[in-house]
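Number of protein chains: 2
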Amino acid sequence: MNKVAIVGTGQTKFSKNDADVEKLLFESANDCIKSVNNYDSNTIDGVLVSTNNNSKYLGAILSETIGIQPKISHSIEHLCSSGTNAIISAYAYISSGMLDMVLVSGAESANNPGQVLEWDKSRGNLEHPIYWGTMLTKSHKRKFKTTEEELAIVSAKNHKQAMDNPVAYSNQPRTISEVMNSKQITDDLRILDCSRSCSGGSTILLASEEKAKTISDQPIWITGIGQKNTSASFSKNNLEEIESTKIAANFAYKMAKIESKNIDVAEVHDAFSVCELMAISELGITSNDKSGEFVRNLFNTENRMINPRGGLIGAGHPLGATGISQTIEITKQLQDKSDKRQISNAKTGLIHNMSAAGTSSSVMVLQN
Amino acid sequence: MNKVAIVGTGQTKFSKNDADVEKLLFESANDCIKSVNNYDSNTIDGVLVSTNNNSKYLGAILSETIGIQPKISHSIEHLCSSGTNAIISAYAYISSGMLDMVLVSGAESANNPGQVLEWDKSRGNLEHPIYWGTMLTKSHKRKFKTTEEELAIVSAKNHKQAMDNPVAYSNQPRTISEVMNSKQITDDLRILDCSRSCSGGSTILLASEEKAKTISDQPIWITGIGQKNTSASFSKNNLEEIESTKIAANFAYKMAKIESKNIDVAEVHDAFSVCELMAISELGITSNDKSGEFVRNLFNTENRMINPRGGLIGAGHPLGATGISQTIEITKQLQDKSDKRQISNAKTGLIHNMSAAGTSSSVMVLQN
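Residue numbers (our numbering), protein chains in the order written: chain A, 221 to 588; chain B, 221 to 588.
Since the hints were derived computationally from the structure, they do not count as laboratory data. Just to be clear, a hint being listed does not mean it is correct.
Intra- or inter-copy, both count: the list cannot distinguish identical chains.
Said to hold, decoys possible - With a straight-line cut-off of 30 angstroms between C-alpha atoms, the simulated DSSO-like cross-links for lysine-lysine are:
| no. | residue 1 | residue 2 |
| --- | --- | --- |
| 1 | K477 | K223 |
| 2 | K567 | K363 |
| 3 | K243 | K254 |
| 4 | K358 | K466 |
| 5 | K474 | K223 |
| 6 | K365 | K557 |
| 7 | K233 | K481 |
| 8 | K254 | K481 |
| 9 | K358 | K380 |
Only chain A is shown next, with the shape it has when bound in the complex:
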């Protein structure tokens, strides 16, 4: 397989306002194009759009609005992990030698579809993700003795970290006490335990090894990829684990020839507080029974290793943009360009993005 690098990044601000998905795609793509050296519109031969929006032909529309005529353009949808699916599809096009340079642009408006799990009849009327969020939370508390305070620390940490992310949805620090006293939504979830749907656009430019050198001083390499889809319906899941994440991580580590201990910084899919604890456990960074303590220690020592941009809870969750935004954060960390959020000497980073109660997961390893 040919090597594939990330050579450009662009983002819009994440916000609660509704916005045209076409406009968000354009703005983040334009920001991405401006980030590269020696831009030549003729060299981009692929445009992939990641969204849950129902508009059609967005790959062609984005191509026309930014003034390029790619060979390949199309849209990709896989709910909350549409973004990493689009990046990995672009990786395949470049790695196979079919394309040289692919723009991957994800966007979502706050009111877009994909936020309610309409397809899963096994849920009855419990379509909203908070229901599986609360079931996972209840199970984690019971099985691993996780406390409400430990769960609240995830949110307090990610809100705090989001304060240094200029495109984050949240611009308020939240204390542990504020999280624990925020509005109760279900037995086990309060409003500040939940990521928020919002509007936002994120774009990255991927390139072959040969092209990467012409366009970026600091290409970041995708060295590990793992994906797994275990089911579509929550009823098939074991509440105590996210099997798809464990399997995807093992594929990615094997491909990158690393172990979990080599990870310097990670963006993980904290759709709800409990998801961060489960994700870092499935990824092998800690274990479920020690995950609460692990995050408490990060918080107390101001260690931003997990979700430095604020995760989905702090930065917001514009579905189709999320996986791309996570990838941008890890790219900038490995380029030593993360300003106040910077993890010192980050060499190996990880992205974890999942869909629909963890019924599918994508894991990517990036290295500089």
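Following the hints, put chain B in place on chain A, whose structure we already have.
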């Protein structure tokens, strides 16, 4: 690049009835799985869905309904050429070595979105494809002296050929006179000049060279791929040509190391009668000024070289399934399994699929 083969095919009947897209995906995927030797659900590591339907997470839903747990699953949308975009994406995953075996399943219900060109503000109220169909027709008549009878022959030929396609939407032969006297829709288009939106599902299974041998006695190889996206809006197009098709064909011929004269059988995107004349010209099979005569000769000699299954006009046009159904036809022709539709001694076949007034095109060359 690793070689990629088509090793299984499955289809539903195309019909005017509304149908659940999940059911069409399942039925055609199930039919595809039954078509292979030594089926083992564990060997399918990718599931790509092609559709304009607004349902989300269909890759995971299809995977669960057919009982597989792939690494990668997602949906792909690019209007009328969603199907070939999904096949070519699967090609990239396999060719790069990332996956071994990918199921590509396309489906559309008759009332699905994607049939009206909402995005193109340059069209004013002329959103329906018949408006660009009529403009291309008017231009072809004026520039190339194409007659109404020659245009009617395209439809009569394709309706006739569809009679021998058991899954076709149309089951009626139509004489040239019937076409020329059918209901007038615009200045230059009658109802029988138009392909019909309909319900239908089509699935193919793609495999790496190593896996292909274990699962098929007659793998058919994808030897050429070309794609091009020139714009999103019709206003940018020259009415006398489909530039994206010409460019895509040249890429595909170069990759397959063939010339247009080597093509034994082709499925081309006859959204309207004039599109078949323009497509076979852009593909280099004939020229625009001789295209009417070329098709008349095929019709008079009962030569099924172009659109043997009846094309979009005869077989119907379930958007997300169309490109896959075209590919199934060429696969079966090269396997000598097309019954009454069979072109004798077909060795090299071509698929041409396009979107939105030809603003993007996919061309694939298959060989046995």
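So, going through the hints one by one against the coordinates:
Taking the shortest Cα distances, K477 and K223 sit within 30 angstroms of each other both inside one copy (15 angstroms) and across copies (26 angstroms). Proximity of K567 to K363 under the C-alpha cut-off of 30 angstroms is found in neither arrangement, the shortest distances being 35 angstroms within a copy and 62 angstroms between copies. Taking identical chains as interchangeable, the C-alpha atoms of K243 and K254 lie at most 30 angstroms apart only when both belong to the same chain, with a minimum of 16 angstroms there against 45 angstroms between chains. In this homomeric assembly, K358 and K466 come within 30 angstroms of each other (Cα to Cα) only inside a single copy, at 21 angstroms, whereas the closest approach across copies is 59 angstroms.
For the identical chains of this complex, K474 and K223 are neighbours both inside a copy (16 angstroms) and across copies (24 angstroms), given an alpha-carbon limit of 30 angstroms. When the C-alpha separation of K365 and K557 is checked against a cutoff of 30 angstroms, the pair qualifies neither within a copy, at 38 angstroms, nor between copies, at 63 angstroms. In the homo-oligomer, the alpha carbons of K233 and K481 never lie at most 30 angstroms apart, since the shortest distance is 33 angstroms inside one protomer and 53 angstroms across protomers. Taking the shortest alpha-carbon separations for K254 and K481, neither the intra-copy value of 35 angstroms nor the inter-copy value of 45 angstroms comes in at or below 30 angstroms.
In this assembly of identical chains, K358 and K380 lie within 30 angstroms of each other by CA distance solely inside one copy; the values are 25 angstroms within and 63 angstroms between copies.
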